[in-house]
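**Student:** Below, each chain spelled out in residue letters.
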Amino acid sequence: MKLRVVEIQANIMRKNDALAAALRARFAKSGTLVVNLLSSPGSGKTTLLEETLRRLAGRYRIGALVGDQATENDALRLARSGAPVRQITTAAECRLDADMIGKALAEWNPGPLDALFIENVGNLICPAEYDLGEDLRAVLFSVTEGEDKPLKYPLAFNTSQLALITKIDIAQAVGFDRQAAERSLRAVHPSIEIVELSARNGQGMDTWLELLARRIESKSLAAV
Amino acid sequence: MHELSVALTLLDGVSEAALRDGIERVTAVHVRIGALSGIARDALLFSWDMASAESIAAGSELRIEDVPVAVFCERCKRERSPAPGTGLLCPVCGAASPTIVRGRELQIVAMEVPA
Ligand SMILES: Nc1nc2c(ncn2[C@@H]2O[C@H](COP(=O)(O)OP(=O)(O)O)[C@@H](O)[C@H]2O)c(=O)[nH]1
Ligand SMILES: [Mg+2]
Ligand SMILES: [Zn+2]
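Chains as they are written, first to last, in the working numbering: chain C, 1 to 224; chain W, 1 to 115.
In short, the hints are calculated from the structure, not lab data. Glycine is no exception: its CB is placed at the ideal position from the N, C-alpha and C atoms. Treat the hints loosely; a few may be bogus.
As the list claims (entries may be wrong) - Each computed EDC-like pair below joins lysine to aspartate or glutamate, with the alpha-carbon atoms no more than 16 Å apart:
#: 1; chain 1: C; residue 1: K15; chain 2: W; residue 2: E16
#: 2; chain 1: C; residue 1: K152; chain 2: C; residue 2: E182
#: 3; chain 1: C; residue 1: K29; chain 2: C; residue 2: D99
#: 4; chain 1: C; residue 1: K15; chain 2: C; residue 2: D131
#: 5; chain 1: C; residue 1: K219; chain 2: C; residue 2: D99
#: 6; chain 1: C; residue 1: K15; chain 2: W; residue 2: E112
#: 7; chain 1: C; residue 1: K29; chain 2: C; residue 2: E182
#: 8; chain 1: C; residue 1: K15; chain 2: W; residue 2: E24
#: 9; chain 1: C; residue 1: K2; chain 2: W; residue 2: E24
#: 10; chain 1: C; residue 1: K2; chain 2: C; residue 2: D99
#: 11; chain 1: C; residue 1: K2; chain 2: W; residue 2: E105
#: 12; chain 1: C; residue 1: K15; chain 2: C; residue 2: D148
#: 13; chain 1: C; residue 1: K29; chain 2: C; residue 2: D135
As the list claims (entries may be wrong) - Non-contacting residues of chain C with respect to chain W, defined by C-beta distances greater than 10 Å in every case (computed):
#: 14; residue: R24
#: 15; residue: L136
#: 16; residue: E196
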């Protein structure tokens, strides 16, 4: 059989990137700050969000979208804060994509939001590829995960503007090496902002909340 | 881990291009996959066979070109290839380089079709 070659030259992420751009335009209009939280399973995303929603309640209108492969437990935990929360059950998919966010928003009516948090599926590989239209991508890693985590998942850390080192309350007990962690973070993203915190004992929470408040304010100003 | 959805998106791209050119059968597809994309080669090959099974690309061969990571080192003012597992450090001067030049590719390059 004679064959010929037909050039295509298409980026597989093109569709997701276009949908993400549409989401970004929509959130720019509504002045909603969108935060995409990435981490391995168990780094503390839901716990941090629970604490964040609780502490910002009354001050800002905040909603949360939670991606999980199977259960709705995280959404139930977050809903206790009283904030509008919606679960996206991704089944076989190991990450959220812009299409899932768009569809969830279409079926959900959280009212006007100052900030929308997206808890991505616990995974540091796949979610890194998918732009969700967020303003801030924050990657969490806990003091128990090994200081070289960023070296193992360079793209997740390279594409995040903020690294949250979580469970700092147990840093000493597990012999966490702060310098080594910072060195590996800087090796994949020299200018990444780093915040150490604990949702358990509250350490570092003020720094995180102030950083959020600043971003929420400037996003809503830009929308007017 | 998202190889199946990548394979399905690949198939969309291939089907679209084939439809545009009136092509009815595809025997091979060439793709470029960056080392940072987190795509496992074997899983993608397997997913491709599944995804393409009942399409115009059924039984086609997926040819994967692996693209190694390259960064632009600001200090050397040159493109460099970091060693795997060292983050994105310049292997020559040790500077960290935030600018990824290559290694994130997820691209369909071409397809082979009966002449
Ligand atoms: N010591 C300590 N444990 C925490 C902290 N944050 C979360 N955890 C625990 O870590 C586990 C996983 O937390 P979770 O929020 O569900 O992680 P997720 O999978 O990233 O959403 C739970 O047992 C939490 O109680 C923290 O700041 N300090
Ligand atoms: Mg969770
Ligand atoms: Zn260099």
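**Student:** Now look at each hint and say whether the structure bears it out.
**Tutor:** Each hint tested on the structure:
1. C:K15 <-> W:E16: Holds, at roughly 13 Å.
2. C:K152 <-> C:E182: holds, 14 Å
3. C:K29 <-> C:D99: Status violated; Cα separation ~19 Å.
4. C:K15 <-> C:D131: Holds, because 11 Å separates the two Cα atoms, which is no more than 16 Å.
5. C:K219 <-> C:D99: Not satisfied, since the Cα-Cα distance of roughly 23 Å exceeds 16 Å.
6. C:K15 <-> W:E112: Distance ~23 Å between K15 (chain C) and E112 (chain W) Cα, so the pair is violated.
7. C:K29 <-> C:E182: Given pair K29 (chain C), E182 (chain C) is violated - Cα atoms ~36 Å apart, limit 16 Å.
8. C:K15 <-> W:E24: Between K15 (chain C) and E24 (chain W) the Cα gap is close to 24 Å, so the pair fails against 16 Å, i.e. violated.
9. C:K2 <-> W:E24: holds, 15 Å
10. C:K2 <-> C:D99: Cα-Cα ~40 Å, so violated.
11. C:K2 <-> W:E105: violated, 30 Å
12. C:K15 <-> C:D148: The hint is violated at about 33 Å.
13. C:K29 <-> C:D135: Given that 16 Å is the threshold and the Cα spacing comes to 13 Å, the pair holds.
14. R24: holds, 19 Å
15. L136: Nearest chain W Cβ is 17 Å from L136 (chain C), so the label holds.
16. E196: holds, 20 Å
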